[in-house]
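Student: Given chain A's structure and the hints, the job is docking chain B onto it.
If you're matching them up, the sequences are chains A and B in order.
Heads up: the first sequence is residues 154 to 495, going by our numbering.
Heads up: the second sequence is residues 154 to 495, going by our numbering.
Among the hints, a few may not be true.
A pair holds if it fits inside one copy or across any two, identical chains being indistinguishable in the list.
As the list claims (entries may be wrong) - Subject to a maximum C-alpha distance of 25 Å in a straight line, what follows is the list of computed DMTMM-like cross-link-like pairs (lysine to aspartate or glutamate):
#1 234 to 172
#2 175 to 317
#3 288 to 409
#4 182 to 317
#5 234 to 178
#6 288 to 242
#7 175 to 196
#8 175 to 205
#9 487 to 433
#10 234 to 156
In short, the hints are calculated from the structure, not lab data.
Here is how the chains run, residue by residue.
2 protein chains.
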Amino acid sequence: MPELRRNLATGEWIIAAPERAKRPDQFIKEAAARKRVPRHAAECPFCEGHEEQAPGEVFAIREKGSKPNGRGWEVRVIPNKFPALVPSEVSGLNAYRSRVGIYLRIEGVGNHEVIIETPDHQLSICTMPVAQVEKVITTYKERYLTLDRNPDNELIIIFRNHGERAGTSLPHPHSQLVTCPIVPNSVRNRMLEGVRYYDETGMCVYCDMVAFEVREVHRVVAENDDFVALCPYASSVPYEMWIIPRRHQASFGEIERREQHGLAAILREVLGRLHQALNDPDYNYVIHTAPHHSATVPHYHWHLQITPRLTTPAGFEIGSGISINISLPEQSAKHLREAAEG
Amino acid sequence: MPELRRNLATGEWIIAAPERAKRPDQFIKEAAARKRVPRHAAECPFCEGHEEQAPGEVFAIREKGSKPNGRGWEVRVIPNKFPALVPSEVSGLNAYRSRVGIYLRIEGVGNHEVIIETPDHQLSICTMPVAQVEKVITTYKERYLTLDRNPDNELIIIFRNHGERAGTSLPHPHSQLVTCPIVPNSVRNRMLEGVRYYDETGMCVYCDMVAFEVREVHRVVAENDDFVALCPYASSVPYEMWIIPRRHQASFGEIERREQHGLAAILREVLGRLHQALNDPDYNYVIHTAPHHSATVPHYHWHLQITPRLTTPAGFEIGSGISINISLPEQSAKHLREAAEG
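Chain A extracted, bound-state conformation:
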């Protein structure tokens, strides 16, 4: 029998209907589907030695003595060449609301950056050394803190698209960062859900979830000193995972050096398990963090959400906002725990 489950942190209901899955191995990608990729690609604008093909870097982790926009980098951040939003320093525009008839609009003011994770064209997070993943996380934090100083940036979204079904076209390993001049509904709703829980219980709902899931065990995929990775009770999609810091912190900007290592290690591990369990499926991940003005609230808690792209949302999902998940998170977590680490 299908069941409805409510996500305690977001307030969203989902329908768990594993009977609708076609066969137990339906999510495993066919072996031939992904083609071999070289370590360096002649036409790739993100490969080392092609720095002049992309916009100039705004940040990089580099070998000592190497020059900006030349060789010798380990992680490199550049403005997106086809940006969704443009910084006001570039456009000269501001992020004030204005009216168009009965509607509201804002100029497309914001930063849209690409974080090139490694010079090696063929790697991915789960095939890099942990030390390299840690450099990526360090870069996330560095850019987060820098961009958070601009009062126009109400919210900073760091995300990664892996594979075509996840919306990426460039295979070179990279993440992205977008800063928004508004707090969108979905984020406001999560904050409100969190504050409601806090007012009732005096607790952070994410802290409570971590404590509960660690006791329950069967939805936990991996743990280390600073993080827990789990398949949420009300997962929207098969193999959805949340990586949650054990220490309460609303904003990703609060992450400490030791935690950066822990995040790199658990992220690499669970993406490795996902890769092994399903043969390198497409996925997105995103860091959900508090908006600028809520950076220290007791009722929100940043976390990294991994969304494998294995199924297609259809009309029902568009109309209701309710996801139909044809797998159970308990089963996904078991499969991931039993898979190799990478």
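Tutor: Positioned in the frame of chain A, the structure of chain B alone reads:
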């Protein structure tokens, strides 16, 4: 320059970034992409003469004298063979909330029905005669009113998935209906957005939008006596359309006979224009209607939303809930107005 636009009815912001489109004709499907389909398919469980392959019908429009579950039907409604939710009459379960540790759950109680729109395997809404589309709409209303009598059905979602990217596997023309035992967040948020507007202005936001857009003209795709079809100011995706009744009505159950004809005519017309403009793209449509207990409120207004599946939402959309639309609704509407009707 990109811009942010706020949807007045839903409160959602979107980013309009037409500069990110690869080329002006990027949305037009390649001619060879869709294969020829026969009028009757030997292996199709929805074709006439195969009635015994599917569950027994719960409603049908039939030739006089024809028997249930036999030949002679024009539109036919059956329970979904792989349902997302199961009626309590079948499962013996009820839709009460219960606790699983710190979480809430509900048994998967509800109706999940398939509306087979015609015995002809190869048709679609935009290639059927209007009279046939009207029979489909009549069937929607009939099932809506019947299922709305069950107090477990807080919300009724009627939707259609067209093509693989829209999540359908069976090509035979069909719609679906799901009844939910809860009001999900996304619907509650639309109601709250509507009530906020109503409290400020004394008006229904959808009525105001229709009046404004009809005066503005350039986002309107089609009009008749009872309906207006438009590309919303803050469309989430290229070629998104909303069909809105001119007469204020919160619930789809309120639609009158004359309006059923008007809805059939405008739906067929705009889907025909979409088909002609983009060479039969995949799409979903869904009827957004008020929950059962808000059926007569002055601040909500049912409407049919058409979502073409031309782009892939990625990590930014998952993290922020903000869609990046690489087209402008003004341009989509112009393209659709200039296309043939079918």
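Student: A separate judgement is required for each hint: does it hold in the structure or not?
Tutor: Hints, verified against the model:
{"no.": "1", "hint": "234 to 172", "in the structure": "between (44 Å within a copy, 11 Å between copies)"}
{"no.": "2", "hint": "175 to 317", "in the structure": "both (23 Å within a copy, 16 Å between copies)"}
{"no.": "3", "hint": "288 to 409", "in the structure": "within (14 Å within a copy, 63 Å between copies)"}
{"no.": "4", "hint": "182 to 317", "in the structure": "both (13 Å within a copy, 18 Å between copies)"}
{"no.": "5", "hint": "234 to 178", "in the structure": "between (39 Å within a copy, 21 Å between copies)"}
{"no.": "6", "hint": "288 to 242", "in the structure": "neither (28 Å within a copy, 57 Å between copies)"}
{"no.": "7", "hint": "175 to 196", "in the structure": "between (40 Å within a copy, 18 Å between copies)"}
{"no.": "8", "hint": "175 to 205", "in the structure": "between (48 Å within a copy, 22 Å between copies)"}
{"no.": "9", "hint": "487 to 433", "in the structure": "within (18 Å within a copy, 42 Å between copies)"}
{"no.": "10", "hint": "234 to 156", "in the structure": "between (45 Å within a copy, 17 Å between copies)"}
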